[in-house]
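Protein chains in written order, with this note's numbering: chain A, 197 to 305; chain B, 197 to 305.
Derived from the structure by calculation, the hints contain no laboratory data. Treat the numbers as computed from the prediction; the structure is a model and nothing was measured.
Since the list can't tell identical chains apart, any single copy or any two copies may satisfy a pair.
Heads up, simulated EDC-like pairs for lysine to aspartate or glutamate below, C-alpha to C-alpha not over 16 Å straight-line: (1) Lys300 <-> Glu235; (2) Lys217 <-> Glu259; (3) Lys286 <-> Glu208; (4) Lys234 <-> Glu245; (5) Lys234 <-> Asp244; (6) Lys201 <-> Glu245; (7) Lys273 <-> Asp241; (8) Lys297 <-> Glu229; (9) Lys297 <-> Glu282; (10) Lys300 <-> Glu229.
Number of protein chains: 2
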Amino acid sequence: MGITKTDEFTDEQNQLAIIFKALGHPARMAIVEFLLHKETCICGDIVDELPLAQATISQHLKELKNANIIQGSIEGKSICYCLNKETIGKIQMLFTTIQTKMNKEKCCN
Amino acid sequence: MGITKTDEFTDEQNQLAIIFKALGHPARMAIVEFLLHKETCICGDIVDELPLAQATISQHLKELKNANIIQGSIEGKSICYCLNKETIGKIQMLFTTIQTKMNKEKCCN
DNA sequence: ATTTAATATCGTAATATTGCAATATATAAA
DNA sequence: TTTATATATTGCAATATTACGATATTAAAT
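All chains, please: the whole structure from these sequences, using the hints.
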């Protein structure tokens, strides 16, 4: 097949899966890292830094944008991509919650 | 192509990508949720709960195990799968760090 | 209005993922 | 040891992803 049975899962599960799938590629992790550590957020600078063609990076940016991990804003002739605080915060909270819950269980530990 | 240029990225980027890719499927999110909220950790109980065939779930479990998100231990005739504290902790810390770093920047916000 | 520069989209080839039936393996019970 | 139960693996068809060249779009500069 190759098709995911989206209908069989909750909206929350599907939404989180979209976010994590977007993060699940080294180029996209590299983009997130870039946006976090470098001063610039300009698309062209990402293209200059990463070892992939411009078209490929544009695709990766689209996927990150689609998952609401980044957002783009027009900056003259260029586009500035930045991390989305809301989504990052949501994931951070999710893992904090998971960790708290885990500490109350005793399975396998 | 369809092949990821793994060599062009750092080990850290690749390792994180493996973890997030593993989380990037609703069935695997459902498994994580199951292990977090239900009392049992038995493979068969996951198969009973999820809307997928046993073979499919076995594959998903393998991918989560490969990413070190879960670990399995033999429990008589069955296998008990549990979340891996170390990996969960690592991701939790990562997002906390990202969030802290983000608050010091001013881009797009 | 043209030209230039930056980014997005299209088309396509190669490879990966998803899902399942069938089958194999492993462990406990009889 | 045979049988039953639980989980893993294999093989395969359908679909998705990755990567890139070529081309389109968009916005500033001339």
